[in-house]
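Read top to bottom, the protein sequences are chains F and H.
Each step along the first sequence adds one to the number in our numbering, with nothing skipped, and position 4 is 4.
Here our numbering runs 162 ahead of the position in the second sequence, where the first position is 1.
Source of the hints: derived by calculation from the structure; they are not laboratory data.
Not one of these hints is a red herring.
Label-pair ranges, simulated between beta-carbon atoms: (1) H:Glu225 - F:Lys11: 51 to 57 Å; (2) H:Ala262 - F:Asn53: 58 to 64 Å; (3) F:Ser76 - H:Val263: 51 to 57 Å; (4) H:Leu274 - F:Ser88: 32 to 38 Å; (5) H:Leu274 - F:Ala94: 36 to 42 Å; (6) F:Arg12 - H:Phe226: 48 to 54 Å; (7) H:Val273 - F:Ser17: 18 to 24 Å; (8) F:Arg111 - H:Ile267: 29 to 35 Å; (9) H:Gly299 - F:Ser88: 28 to 34 Å; (10) H:Phe226 - F:Leu19: 55 to 61 Å; (11) F:Ser76 - H:Gly299: 27 to 33 Å; (12) H:Glu227 - F:Arg12: 46 to 52 Å; (13) H:Gly299 - F:Arg111: 27 to 33 Å.
Here are some chain F residues the structure puts well away from chain H; computed CB gaps all over 10 Å: (14) Asp56; (15) Ile58; (16) Thr84; (17) Val104; (18) Arg111; (19) Gly150.
Beta carbons: idealized from backbone N, C-alpha and C, even for Gly.
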Amino acid sequence: MKMSLPGRTLKRVILFSVLVYLFLVVGYYDPLYGAESRAQTVRVRIGTILASNQSDEIDPKLNTMRNQLKVMMYRSYRLLKEETQNVSWQGNAAFDIPGGRSLVVTPEEFRGRQLALKVRLQHGDKPVVDTTVRLNSGGNFLLGGPQHEGGVLVLSISATAQ
Amino acid sequence: MKDCEEIREGLGAWLDGELSRGDADVIRVHLEHCAACDQQRRQMARLDESLKSLVASNVQPVEFESFWRGVQERIAKGRRYEEARQWLHFAFARPGLAWAVPAVILILIGVLSFDWFWKGGTRRNNFSTVESIDPHGRNVALLREDETKTTVIWLYQNQEDENESSGENVETGHSF
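I would like the entire structure built from these sequences, with the hints used as guidance.
Following this line, the structure appears as structure tokens:
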């Protein structure tokens, strides 16, 4: 029996709705929550930047972060060092920071698309700051303030679940 | 031979050409020999001519141009509607194209979601949440920049502390 035009349209609308629903369900659970259960390690990247007012130069390597850095109102930004480490959950990744400092990052949790990182900055053996930050996988935050060579250090800390 | 009365009864039909050839010949032959009937024929012929001219002079000419234009417009409009209907039918009712519309929409959703999938949505919201912080006696400021959605933890010391720590720095060789 041949279906009428409104009938066929209704059928297509229903099929399309089912497809969109499946698309959203698969897209929601697989890349986001599925990734949480599969993530074995976290890639932690630390960029060490020297911010100062000694010149007006901004390191071309920092072009992608230019807008983020503007908030600190310095005139010059120079990338001193960039280091990436893969670290397992609850493991420690230690990064040497110029000026005898070190940064220890511990991934603690991955939930709701966000990573919880425990971050400890030390100057020699003395702790400078201990903090726990929750950030989106692939996102970053800035930790700044330590003085260094006539300016201040700004650490860009980013983490991505692998 | 028919008499004059029969001939005169048939004169109207004869003048209008409605008689058979045989009857018409009978009337024609009679008229050649009968002056009275021929006179009657002439009167009827004149009356007929007069009526025709009278009708022709009194009837107003009918304007058909606008009528035909309207008919043609209605036909053209109907064609356009039919063409549009056929195009819609071609575009949406063909089995081969039935999946085209949802497929295109799905592709658009996929393209728009590309960044969301591969970047984990970080570009849309890069804000980080500081759950706990221990600055070990130093002052700390938390900044959230709306444009880039960046969170900044800023460590600093007030002037008094800096003076004190400067003294310590000299002694210990450590600086904040």
